[in-house]
Amino acid sequence: MLRLIVRRLAVGLLVALTVMTLAFMLTRLSGDLAISIAGPSATQADVEIVRKAYGLDRPLTIQFFDWVGRALIGDFGQSYFFKDSVANLIAKRMPITLTLGLVGLSLALIVSIPLGILAAVRENTWIDRAVTMLTMVGQAIPSFWLALILMIVLGLHLGILPISGTGTWQHFVMPGIVLAFTAIPALTRLTRSGMIEAMASDYIRTARAKGLSRARIIFKHALRNAAIPVVSIAAVQLGFMLGGSIVIETVFALHGVGYLGWESIAKNDFPVVQAVVLVLAAIYIGLTLLADILNALLDPRLRTG
Amino acid sequence: MSAPVVVAAAPALRVGKAGFAIGIAIVGVIALAALFGNALIPQDPFVQDLGKRLIPPFWMEGSRPEHLLGTDQLGRDYLARLVYGARISLLIGIMTVITSGLIGITLGVLGGFFGGRIDDVVLFAITTRLSIPVVLVALAVVGLMGSGLGLVVATLGLLLWDRFAVVARATTQQVRNLDYVNAAWCAGASTPHILIKEILPNIASHLAVVATLEMALAILLEAALSFLGLGVPPPLPSWGLMIAEGKDYMFFSAWVIMIPGVALAVLVLGINLVGDGLRNLLGTERLR
Amino acid sequence: MSALLEIEDLQVTFGGTAAVRGASLRVEKGETHCLVGESGCGKSVTALAVMSLLARGGHRSAKRMSFAGTDLLSLSDRAMARIRGNRMSMIFQEPMTSLNPAFTVGSQMAEVLTRHKGASRGDALERAVALMGRVGITAPEMRLGQFPHQLSGGLRQRVMIAMALMCDPELLVADEPTTALDVTVQAQILRLLATLKRELGLSILLITHDLGIVARVADRVSVMYAGEVVERAPTAALFRAPQHPYTRGLLSCVPAPGRVRRDKPLGSIPGVVPTISPGFAGCAFRSRCAHADSTCEHEIPRRVAGAAHDYLCRLAPTLAEPLPA
Chain A
1 MLRLIVRRLA VGLLVALTVM TLAFMLTRLS GDLAISIAGP SATQADVEIV
51 RKAYGLDRPL TIQFFDWVGR ALIGDFGQSY FFKDSVANLI AKRMPITLTL
101 GLVGLSLALI VSIPLGILAA VRENTWIDRA VTMLTMVGQA IPSFWLALIL
151 MIVLGLHLGI LPISGTGTWQ HFVMPGIVLA FTAIPALTRL TRSGMIEAMA
201 SDYIRTARAK GLSRARIIFK HALRNAAIPV VSIAAVQLGF MLGGSIVIET
251 VFALHGVGYL GWESIAKNDF PVVQAVVLVL AAIYIGLTLL ADILNALLDP
301 RLRTG
Chain B
306 MSAPVVVAAA PALRVGKAGF AIGIAIVGVI ALAALFGNAL IPQDPFVQDL
356 GKRLIPPFWM EGSRPEHLLG TDQLGRDYLA RLVYGARISL LIGIMTVITS
406 GLIGITLGVL GGFFGGRIDD VVLFAITTRL SIPVVLVALA VVGLMGSGLG
456 LVVATLGLLL WDRFAVVARA TTQQVRNLDY VNAAWCAGAS TPHILIKEIL
506 PNIASHLAVV ATLEMALAIL LEAALSFLGL GVPPPLPSWG LMIAEGKDYM
556 FFSAWVIMIP GVALAVLVLG INLVGDGLRN LLGTERLR
Chain C
594 MSALLEIEDL QVTFGGTAAV RGASLRVEKG ETHCLVGESG CGKSVTALAV
644 MSLLARGGHR SAKRMSFAGT DLLSLSDRAM ARIRGNRMSM IFQEPMTSLN
694 PAFTVGSQMA EVLTRHKGAS RGDALERAVA LMGRVGITAP EMRLGQFPHQ
744 LSGGLRQRVM IAMALMCDPE LLVADEPTTA LDVTVQAQIL RLLATLKREL
794 GLSILLITHD LGIVARVADR VSVMYAGEVV ERAPTAALFR APQHPYTRGL
844 LSCVPAPGRV RRDKPLGSIP GVVPTISPGF AGCAFRSRCA HADSTCEHEI
894 PRRVAGAAHD YLCRLAPTLA EPLPA
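Residue numbers (this note's numbering), protein chains in the order written: chain A, 1 to 305; chain B, 306 to 593; chain C, 594 to 918.
Don't take each hint at face value.
Here chain B is said to cover these stretches of chain A; the calculated rule only asks that three of the stretch's residues, wherever they fall, bring their Cβ under 8 Å from a Cβ of chain B [as the list claims (entries may be wrong)]:
no., stretch
1, 14 to 27
2, 138 to 147
3, 246 to 255
4, 259 to 272
Restraint ranges, calculated between C-beta atoms of paired labels, are given here [to be verified]:
no., chain 1, residue 1, chain 2, residue 2, range
5, B, Leu587, A, Trp169, 45 to 51 Å
6, C, Pro848, B, Gly420, 55 to 61 Å
7, C, Thr731, A, Leu4, 28 to 34 Å
The set of hints was computed from the structure by calculation and includes no laboratory data.
Here the structure is a predicted model, which means the values were calculated and not measured.
Where is the CB? At the ideal position from N, CA and C, for every residue including glycine.
For reference, chain A alone in the conformation it holds in the complex:
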């Protein structure tokens, strides 16, 4: 298994490098960066000063390798608009995004796993169809719209939760619910299909032949096998959630990494944009590796075989 981890780390590194290249190219898309930074009212002389000051007069490849080299040791440069190093900015915002992600994932799992089991055990009954319908409707609702609805209902009419900002744990409830919402349909379907497959398997027939109780068969024998793909997919879902948190953070004014990305796009703060893309990609790569490891740990066939 060690070889597996090393190999995946190597691939992950390559992917990270590719993403770095893409992120670098991304910020150079708008053409001359110096002009964007200097602003629309700048003169040619101003632009040249800016160009020299930010090192934008060097050849593109030099700029790239300089950035990559520094990024690898954690130095993402200075933000153009926030008076801080990019690394600091991200580090300060990261805990919020991570908290949001974990809250969202936990809520999602708490809802989807029981729902999926219920639908599987009552396969093809009205309960199953109701759960399927719920997941379909859930997948169709735009997350930002749900956020607004929750704000109106829970924030305004019922007044039980704050609608923006950070500070207390209550600030994470609505965003967490919306984030969970994006993952629940997929996780529920996965749990359901995994349980159906497990329950139809030969070893469950053996468990029934042994006279074990129904609860034990479902929650010990079947779930243990059905949960393996769910756990690893959950790790990947967390990666998607963290990457997609920008919308929810912006709506709820949560000052996380996603919101930072949004602000820096609006302000053309390129070093920050590059770094945020890279950091989010790196987290995703790490989570997929974690998913593989979890898979191997949970499935005895992968451990020793």
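Position chains B and C relative to chain A; hints supplied.
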């Protein structure tokens, strides 16, 4: 040796024929509205009338008969804008799917068919694409290069090809080893011929299902981008943009954001129902 | 003396189609009873119906189905679960997939004993080791901590057998236990079952399609065709004097050394197994039978051909064929 005595009963459709029919009905109605709606509705979606701002829709007090769904904060007829927005959503959905489909299917088929180094490259590309935070990058592209319908389509098309690639690759791998492909080889068929005539028709059903899912996803993504102000530029009435514009008034006139939101949800639900129904109809298996 | 397991006129349907259309058999205490027939005749379904392990959508009904005097048909799911694995055990055809890949062999075996007899985990594991040794598994203590994928097919089947015996059942239902195994392993498993039967006084209901196995281990045989038991007899009587045309056909298909002639084609039964639609009456074999006539389209009588030997046919019993010289 001998045929079993018991004849197996046909398995029940999951979404059900009813679901599939509902999905087609929804998408059909919205498509018709998108095509002909604005020709039938007298009001112009772009004409402002600041004296008639935020008139509520017909089910609320204070509504006016000439504005069935009321007006928005600039006095523009809401129904006309909603119908026009359907056109935008569907257009973006279809164009994005065509673009991402071309990219993803090409990559997937090549990787699945040739295997080896080519497949390694394809897998690497897919992994890289999956690591990229899509919404952030899409926002960055539009933010840096300016918004516009074409740009949004191009960006989403260049970002949303991963599922096409994964499914095309997996199905191609399965089909590649089947007998009729080998028979074509033996008959001296060229590679492009095999790819187009033998492989593609047999993976088409799986890809059709993916196309519906991706279309729904593209529509939701565009709505999110427009909501954040970096999607379809105003005054084009993208549903996402309408929600954003209504955000400032939503505490007093909730219908301003309710209507386009429901429209989005209904359209996406309809497309997903069609996709699931297709999957059952064509008997395709869920690919992980 | 009443039999250990008594089934009378069992019917099993899935949806609208009937898999078993009237199966009757008796398993006496201490005997090995073989239920034999080709694939699709309903023999596995019969076994599953007895154990109440039918798949979703399966319905069973019978005039009688009792185990050691207890009426199985009237038992609740809970009550039936207390009998399964405890007084009545079952082993299946596919050892490769019949064990849970996520748990160790030891834990899977122990949980049967803890469930039914309330034994402690330690005691249960001890018994597991003892039984594994009994069924011929080497290094049983090591096996406790192993996972199923680490064992070969033959070993897994032995584990299944040991697991089935954990609570000292009175009846073991074995559904084609050797079909998926190599021929040499097959012989070992059969020998093992015979030994266990002798040492433990176990009664065995053995499902198989292989007449060779029947000849080897069975005390009594029930032959099944198209969802019905068409002939029941002690093994020797069945091979010596088969009465039902299907049984005769089956036996003639098996080339016997010394009897088969090189210039004659091998025996076979013409035609195919018919699909039985609802409302079918009469003998299911009539389309392939040389002796069929119009009475075969109506109810078939059950005839007796000797001690504990009966069959479903209009033909009168015939004497045993002369043994080869």
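For each hint, the structure was consulted:
Counting residues of the stretch 14 to 27 of chain A whose beta carbon lies closer than 8 Å to any beta carbon of chain B gives 8, which reaches the threshold of three, so the coverage claim holds. Counting residues of the stretch 138 to 147 of chain A whose C-beta lies closer than 8 Å to any C-beta of chain B gives 7; at least three are required, and the coverage claim holds. With 3 residues bearing a CB less than 8 Å from a CB of chain B, the stretch 246 to 255 of chain A meets the requirement of three and the coverage assertion stands. With 5 residues having a Cβ less than 8 Å from any Cβ of chain B, the stretch 259 to 272 of chain A passes the three-residue criterion, so the hint holds.
Between Leu587 (chain B) and Trp169 (chain A) the C-beta distance comes to about 48 Å, which sits within the given range of 45 to 51 Å. Between Pro848 (chain C) and Gly420 (chain B) the beta carbons are some 48 Å apart, a value that contradicts the proposed interval 55 to 61 Å. Evaluation of the 28 to 34 Å hint for Thr731 (chain C) and Leu4 (chain A) yields a pass: the beta carbon distance comes to about 32 Å.
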